[in-house]
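Listed below, chain by chain, are the residues.
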Amino acid sequence: MNRNVLSRRGVAGVALAAVAAIALAGCAKDEPSATPTTGAASGISTLSGELKGSGASFPDAYYQEIITELKTEAKNLKITYNPIGSTAGKKEFGSGLVDFAGTDSTVKDTDGVAAGSFYYIPTVAAPITVSYNLKGVTKLQLTPATLAKIFQRDIKVWNAPEIVADNPGVTLPATAISVAHRSDGSGTTNNFTKYLVAAAKDTWKLASGDTVNWPTDTLGGAKNSGVAQLIKQTDGTIGYVDMSDAKSSGLSFAAIKNKDGKFVAASLEGATAALAGATLKDDLTYDPLNAAGADSYPITAPTFILVKQKYDSPDKAKLVKELVKYILTDGSALAKDVNFSVLPDQIKTKALAQLDKVS
Amino acid sequence: MTTQSSTLTQKDRGRITDRAFWLLCIAAGITVLVILAAILVSTLQQSWPAMSKAGENGFFTSKLWDPNIGKFGILPFVFGTLVTSLIAVALAVPVSIGIALFLTELAPRRIKGSIVTLIDLLAAVPSVVFGLWGIYVLAPAMTPVYKWLHDTLGGIPVLGALFGEVSALNFMTAGLVLAIMIVPIITSITREVFDTVPDSDKQAAWALGATRWEMIKGAVFPHSFGGLVGGVMLGLGRAMGETIAVALLIGNSIQITANLFAPGTSIPAAIVNYFGEAGGDYTSALIGMGVVLFVVTVIVNLLAQAIVRRAEIRMRGAKA
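Those protein sequence lines, which keep their order, are chains A and B. So for the first sequence, this note's numbering puts the first residue at 27; every next one is plus one. So for the second sequence, this note's numbering puts the first residue at 43; every next one is plus one.
No wet-lab data here; the hints were simulated from the structure. Possibly wrong hints are sitting among the right ones.
Chain A stretches covered by chain B per the calculated footprint, using a threshold of three residues with CB under 8 Å from any CB of chain B [as the list claims (entries may be wrong)]:
| no. | segment |
| --- | --- |
| 1 | 106-114 |
| 2 | 169-176 |
| 3 | 234-240 |
| 4 | 372-385 |
Listed below are several chain A residues computed to face chain B (Cβ distance under 10 Å; list not exhaustive) [stated by the list, open to error]:
| no. | residue |
| --- | --- |
| 5 | S143 |
| 6 | G213 |
| 7 | T260 |
| 8 | T263 |
No farther apart than 16 Å at their CA atoms in a straight line, the calculated lysine to aspartate or glutamate pairs in the EDC-like style are these [stated by the list, open to error]:
| no. | chain 1 | residue 1 | chain 2 | residue 2 |
| --- | --- | --- | --- | --- |
| 9 | A | K283 | A | D308 |
| 10 | A | K175 | A | E188 |
| 11 | A | K220 | A | D313 |
| 12 | A | K362 | A | D313 |
| 13 | A | K344 | A | D382 |
| 14 | A | K231 | B | D108 |
| 15 | A | K134 | B | D323 |
| 16 | A | K347 | A | D382 |
| 17 | A | K182 | B | D108 |
From the three backbone atoms N, C-alpha and C, an ideal C-beta is built for every residue, glycine too.
Go ahead and model the full structure; you've got the sequences and the hints to work with.
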C-alpha cells in the first residue's frame with residue numbers, strides 16, 4: 027500500500043518534470059521526509075482549509091484518488107467529494123452548500139445555478155464500453171445503427187442479419203439478446219443515448235436523457251457495477267458500462283464504428299483521440315461523442331467541474347483554484363490507474379486559463 | 043410536625059413528578075403527530091407542481107412514465123409495489139405462523155432460545171446485504187426453477203399469464219427476498235401473541251378431546267387473530283417501503299404485466315434510482331410518489347383494522 031503510493035508519486039513526479047514551472051516541487055515531493063515544500067508555484071502542500079464538492083458519480087473514482095493522494099501530500103487540507111449525481115450536485119452548488127460541483131451535463135435553467143456565476147472546467151473523460159457476454163464470441167463489431175436496433179429491441183437474436191453483416195467471418199450463435207441498462211438516472215445513460223441520437227439519428231427512437239423510456243423487456247441494474255453484474259450473469263446480455271467497471275468485471279467489449287468508418291474498441295487512447303477531435307465551445311464545454319478522427323472511440327463521455335466565478339473569500343478561491351489545477355496537472359497521472367483519459371494539451375491549457383479567472 | 047411536613051412535601055413531590063410525567067407523555071405523543079403532519083405537509087407542498095398538473099402528465103391515471111417528455115404516470119410503480127409486497131406476504135405469513143406455532147407449542151425449551159436468536163439475527167441483516175445476496179446468489183439459482191414453472195404452467199389459460207417469459211431479475215425474486223426479510227418481524231409478533239393465549243383455553247380444548255391442530259384452530263387462532271393481522275400489517279408495511287433490496291432485484295422496467303417473471307419497478311426503487319439526477323417537475327413527481335406510498339400504507343392499515351374488528355366480532359361474539 028505504502029509502496030504503491032510512493033510509486034504513484036514517482037509517476038506524478040515525471041509528469042511534473044514536463045511542467046517546468048513546478049518541477050522543483052515535484053523533486054521535493056519524492057522525498058518521503060516531512061520537509062516542508064518551499065516551491066511557491068505548487069502551493070498545494072502548504073495550503074490548509076476545507077473544500078466540499080458534490081455531483082457526478084461518473085468521475086468519482088478519479089476524484090477520490092486525487093483526494094487520497096492529497097491526504098498524504100497536503101495534510102492540512104480537507105477535501106470531500108460526494109458522488110450524489112450531477113443534477114443534485116448542481117443544486118447543492120447553486121445553493122452554496124458546496125464549493126465546487128462535478129457534472130457530466132451542462133447547466134440548465136432548472137438546475138438552480140445562476141447563469142454567469144460559474145465556470146466550466148473540463149477535467150477528464152472516459153470511454154463508455156458496450157460490454158457483452160456471448161459464449162464463443164470474443165470479437166464483436168457493431169455499427170451505430172445496429173447498436174440502436176439492439177438497445178431498442180428491434181433485433182432480438184445474436185445471429186440477426188444486421189449483426190452478421192457487421193461481423194464478417196464470425197459465427198454468431200442464435201442466442202436471444204437481453205439488454206441491460208442503468209436503472210438509476212445517470213450521466214452515463216445520457217451520454218450513451220446522446221451518442222445514439224448523434225450517430226444513428228434515423229434508427230434510434232428513444233431520444234436521450236438521464237433516463238429514457240426503455241422497452242419493457244429490458245433489465246435495469248443499479249449503477250455501473252449492477253449493469254456489469256447483469257451482463258456477467260446471463261449469456262447473451264449486452265449493456266453499456268463505464269470502462270473501469272467493465273474491466274474489473276472482466277467483460278469483453280464491442281468495437282464501435284466511428285465517424286470515419288473505422289471500428290474502434292474502447293480504450294483510453296481512443297477516448298483521448300476523440301477529445302482531440304471534438305470542438306471546444308467558448309465556455310469550454312465540448313462534446314466528444316461521435317467525434318471525428320480515425321482512432322477516435324465514438325462513445326466518449328466528458329465531465330466537468332463547476333467553480334464559482336467569484337468566491338466569498340479569497341482564501342476559498344485560492345483553495346479551489348489549487349485543487350482544480352492539481353486535478354488538471356500533477357494529479358492527472360493518477361487518471362490512468364482508474365481508467366480515465368486525460369485532456370489533450372490544447373484543452374488543458376484553455377481550462378487552466380479559465381481557472382485563472384476565478385477570484 | 044416534622045413527619046407531617048415531610049409527608050406533605052412527599053405528596054407535593056409526587057404530584058409534581060406525576061404532572062411532569064404526564065406532560066412528558068403528552069409531549070411525546072404530540073411529537074409523533076407533529077412530525078407526521080410536517081412530513082405530509084412538506085412532501086405535499088413539494089410534490090404539488092407535479093400533482094397539480096395530473097391532468098396533463100397523467101400522474102394518478104397513466105402508466106406512461108417518461109420524464110424527458112414530462113409524463114409522470116405512476117401506476118406501474120404502484121402496481122410493482124403492491125405485487126412484490128403481496129408476493130412477500132403470501133409467502134412469509136404461512137412460514138412465520140408455522141415458526142411461531144412451532145416455537146410456542148412444539149419446540150423443546152432447550153432449542154427454543156437458539157431459534158429465537160437466529161430469527162432475530164435475520165432481522166438484523168441490512169437490506170442491502172439481502173439485495174446483494176439476491177442478485178449474486180438467489181437470482182441465478184432461481185432462474186432454472188422459474189424456467190421450469192414457465193414450461194409446465196405457462197400453457198394453462200389465464201393462470202399461465204402469471205408464469206410468462208423468464209427474466210434474470212423480476213417481481214418474483216424481489217418478492218421472495220422481501221418475504222425472507224419480513225419473516226422475522228411477523229414471526230416475533232405472532233409468537234408474542236400466541237404466548238398470550240390463556241392456558242385455560244388450551245386446557246379446555248384438550249379436555250374436550252381436541253387434537254393438537256383442533257386445539258390450535260379452536261383456542262389459539264381465535265384468541266390471537268387481532269395480533270396476527272397486526273403482525274402481518276407490520277410486515278406488509280416493511281415490504282412496501284423496502285428500497286434498496288427491491289431496487290437491486292426487481293429489474294427496473296416500467297411496466298404493468300401479469301407475468302411474475304418479468305422485470306418491474308416499485309415506488310421506493312424509483313425514488314432511490316432517479317432522485318439524484320432529477321430536477322424541477324421530475325423531483326416533484328418523485329416526492330409525489332412518496333406521498334402516494336404514504337397514503338397507500340395508511341389505507342392498508344385502515345383496511346386491516348376493519349378486518350380485525352369484523353373478524354373479532356365473528357369469532358368472539360359481539361364483544362368487540
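Each hint, compared with the structure:
1. By the rule of at least three residues with a Cβ nearer than 8 Å to a Cβ of chain B, the coverage given for the segment 106-114 of chain A holds, with 5 such residues.
2. A stretch counts as covered by a chain when three or more of its residues have a beta carbon under 8 Å from one of that chain; for the segment 169-176 of chain A and chain B the count is 0, and the coverage is violated.
3. Here's how the segment 234-240 of chain A fares: 7 of its residues keep a CB closer than 8 Å to some CB of chain B, so the rule of at least three is met and the hint holds.
4. Beta-carbon proximity to chain B at under 8 Å applies to 0 residues in the segment 372-385 of chain A; the threshold of 3 is not reached and the given coverage is violated.
5. Interface hint status for A/S143: violated, as the beta-carbon distance to the closest one in chain B is roughly 17 Å, over 10 Å.
6. For A/G213, the interface hint holds, since its Cβ comes within 10 Å of a Cβ in chain B; the closest pair sits about 7 Å apart.
7. Interface restraint check for A/T260: the shortest CB-CB distance to chain B comes to about 5 Å, inside 10 Å, so the restraint holds.
8. For A/T263, the shortest C-beta to C-beta distance to chain B is roughly 8 Å, which falls under 10 Å, so the interface hint holds.
9. With a C-alpha separation of about 29 Å, the suggested pairing of A/K283 with A/D308 is violated against the 16 Å cut-off.
10. Taking the CA atoms of A/K175 and A/E188, the gap is about 9 Å. The hint holds against a cut of 16 Å.
11. At most 16 Å may separate the alpha-carbon atoms for a hinted pair to count; A/K220 and A/D313 meet this at roughly 10 Å.
12. Proximity of A/K362 to A/D313 is assessed by CA-CA distance (about 21 Å); at most 16 Å being required, the pair is judged violated.
13. Taken as a hint, the A/K344 and A/D382 pair is honoured in the structure, with Cα atoms around 10 Å apart against an allowance of 16 Å.
14. Distance check on the hinted pair: A/K231 and B/D108 sit about 13 Å apart at the alpha-carbon level, within 16 Å; holds.
15. Between A/K134 and B/D323 the CA atoms are separated by roughly 14 Å; this keeps the pair inside 16 Å, and the hint holds.
16. For the hint linking A/K347 to A/D382, the alpha-carbon distance of about 7 Å falls within 16 Å, and the restraint holds.
17. This hinted pair does not check out: A/K182 and B/D108 have alpha carbons roughly 23 Å apart, beyond 16 Å.
The structure shown violates the earlier hints numbered 2, 4, 5, 9, 12, 17.
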